[in-house]
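If you're matching them up, the sequences are chains P and E in order. Just so you know, we're using our numbering here: the first sequence kicks off at 10 and counts up by one. Just so you know, we're using our numbering here: the second sequence kicks off at 10 and counts up by one.
This list has only true hints and no planted wrong ones.
No distinction is drawn between identical chains; accordingly, a pair holds when it is met within one copy or between any pair of copies.
Below 20 Å or equal to it, Euclidean Cα-Cα: the simulated EDC-like pairs (lysine to aspartate or glutamate) are:
#1 K175 / E160
#2 K183 / D166
#3 K49 / E69
#4 K49 / E105
None of these hints come from the bench; they were simulated from the model.
2 protein chains.
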Amino acid sequence: MTEESGSKRHGLIIVNTGNGKGKTTAALGTVFRALGQGFKVAMVQFIKGGWRYGELNAAEKFPNFSLEPMGHGFLKLGDGEPAPEDCALAEKTWAECAARILSDEYDLIVCDEVNYALSYGLLPVSTVLDTLARKPQRLHVILTGRNAPGELIEAADLVTEMREIKHPYQQGIKAQRGIEF
Amino acid sequence: MTEESGSKRHGLIIVNTGNGKGKTTAALGTVFRALGQGFKVAMVQFIKGGWRYGELNAAEKFPNFSLEPMGHGFLKLGDGEPAPEDCALAEKTWAECAARILSDEYDLIVCDEVNYALSYGLLPVSTVLDTLARKPQRLHVILTGRNAPGELIEAADLVTEMREIKHPYQQGIKAQRGIEF
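Okay, chain P solo, but in the shape it has when bound (with noise of 0.2 Å):
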């Protein structure tokens, strides 16, 4: 394994998918050791609730990592069929990340749980590869969440399935502060 040299920048395509843990929080670990290199970052969420005290907190050490948008945009995690208004969301959360990829101001944006919104039929699949197709060289774009669609696959550069072998839950352990949020 050779590090990159003097060569233009590869900016990679990842995706964090599966039912296991570690999809969001792999992510935020990436974002950490890019934040050490003086990347600037962003990271948008598609799920409602789904910033927790601690990474915000931590954040906020760091001027060139961007958490918007903070109060719009977000989709409820819910059954059933998707809403109009459910699409509209998951359309309007999209055009914020591919704003910021095709802005060429970042070198890391994390699209959170975005494969949420294109596995349940919220957001089309080819709306996405369009503008992953269009992205700055540079830029590295991770995309997490359950059932990565095919053709996300297909796309990527680096995909990786997170497991559930064994949960807390399970043993009616509740979620941890500082581990989970």
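Following the hints, put chain E in place on chain P, whose structure we already have.
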């Protein structure tokens, strides 16, 4: 999913295993979140050269994060039978972990790539399980690396397997600064 209440914290034993990316990176994301909660965190590395510029630089922003030991006790990845000096190094590095685990001074301790030492027989699983059985109630411990032994999975609260679906080296793309180091 409910959050922990005023009840005593239930420190988790967390295992990140599998052949994919994201085992250490997800641990780093959890560290980031925990630091934001004001937790005291230590990360002990079993593989030489595991520290990368990105996380070292980001870690400096958090006085409650310790990365020791930095200069000794590391294993080299290699083929063949474990040499006695490799076993001694693994035992010494575990002793560093165990001292921190049993000190009751930390909220989260990451034993990074310890599963490598376990699966290669450099360190007895019983040694690790014995320490974990005596850990402070409030302490979370994350153990990363491929091929986590069954007894460790049995003792853990949360186990995730990171599976490689697609990797950029397959396409001849080099390791990228800020993403992988």
